[in-house]
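Number of protein chains: 2
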Amino acid sequence: MAELGPIVDLRQSATALRVQRGVMRLLRETYDMACYAEVTLRSGRRADVLGVGPKGEIWIVEIKSSLIDFQVDRKWHEYREFSDRFFFAKPPELDAGIFPESEGLIVADGHDGAILRDSPDTPMAPARRKALMLKLARLGADRVHVLMDPGPK
Amino acid sequence: MAELGPIVDLRQSATALRVQRGVMRLLRETYDMACYAEVTLRSGRRADVLGVGPKGEIWIVEIKSSLIDFQVDRKWHEYREFSDRFFFAKPPELDAGIFPESEGLIVADGHDGAILRDSPDTPMAPARRKALMLKLARLGADRVHVLMDPGPK
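Sequence lines, in order, name chains P and U. Start counting the first sequence at 1; every next residue gets the next number (UniProt numbering). Start counting the second sequence at 1; every next residue gets the next number (UniProt numbering).
Derived from the structure by calculation, the hints contain no laboratory data. Source: prediction; values computed, not measured. Mixed in with the good hints there might be a few duds.
Just so you know, same-sequence chains aren't split out, so a pair can sit in one copy or run between any two.
Unchecked claim - Below are the EDC-like pairs computed for lysine to aspartate or glutamate, each with C-alpha atoms no more than 16 Å apart in a straight line:
hint: 1; residue 1: Lys135; residue 2: Glu38
hint: 2; residue 1: Lys130; residue 2: Asp84
hint: 3; residue 1: Lys75; residue 2: Asp95
hint: 4; residue 1: Lys55; residue 2: Asp121
hint: 5; residue 1: Lys135; residue 2: Asp32
hint: 6; residue 1: Lys55; residue 2: Glu101
hint: 7; residue 1: Lys130; residue 2: Glu57
Pulled out of the complex, with its shape left as it was, chain P reads as follows (with noise of 0.2 Å):
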């Protein structure tokens, strides 16, 4: 099957991996987000978090567990040509003050998240929305597919 990817990366921090239940759970609770981690787009970036919303929504939401990576990261502008609305997430002890003020930003725990500040919305192409959908309608079925069958091989 192609292009599985692990539900849970090994290089993942256990803060991010806390941080990734926590977002997961509020989308999913409280914005009726069905939600996906760790999706290779098109452009080769993988989103941390990825939900669809009951009209096909898209929001993408990255993961920052420390200053340092954040700092590393220039190229998440990216991510905007991909979602309606683009959220950072951080545990509770990041500082809110480093991440830009145009973007969205959720707080979040091993527990539960909230919304620190919303996302503007900017509505993606109806074509790379709809190639994504395709995208994920099969992600989604090989990943319960291998659970379900380990297969021949």
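Starting from the structure of chain P, add chain U where the hints point.
For chain U alone, kept in the frame of chain P given last:
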């Protein structure tokens, strides 16, 4: 999370589960169709296997494990509206002659499968395909999410 549906339905017979496994392997490996098991459609019917192709093609496979299983189903025609191709699938020991020649037919066991008769291509309405793709993108996310995180409930 809404409408997760069981990945394995305990009402399914062991035979049906074996056929399901072989059908999903066949579709994924030979036809590049990413497969979901047990997808509830808007009509309320539940597709045994639903495959999503690289261009958004939708195939539905209805598993019949016995003659009586086929005979009691008077509503399989409804699947045509929700798919581009529709197949029955049967275990090797079940007579192929009981199935209508107008529909596709797959034979499968727990290891592998084969298409015995291709299905006519009857393209879905675009709006229905779009709605189904969104539904699948969210269903796949939710099925994986609930495995990643049993949640606070």
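Here is how each hint holds up against the structure:
| no. | hint | in the structure |
| --- | --- | --- |
| 1 | Lys135 - Glu38 | within (13 Å within a copy, 20 Å between copies) |
| 2 | Lys130 - Asp84 | within (13 Å within a copy, 18 Å between copies) |
| 3 | Lys75 - Asp95 | neither (21 Å within a copy, 59 Å between copies) |
| 4 | Lys55 - Asp121 | within (14 Å within a copy, 28 Å between copies) |
| 5 | Lys135 - Asp32 | between (20 Å within a copy, 13 Å between copies) |
| 6 | Lys55 - Glu101 | neither (27 Å within a copy, 39 Å between copies) |
| 7 | Lys130 - Glu57 | both (11 Å within a copy, 13 Å between copies) |
The structure fails hints 3, 6 (numbered hints given earlier, in ascending order).
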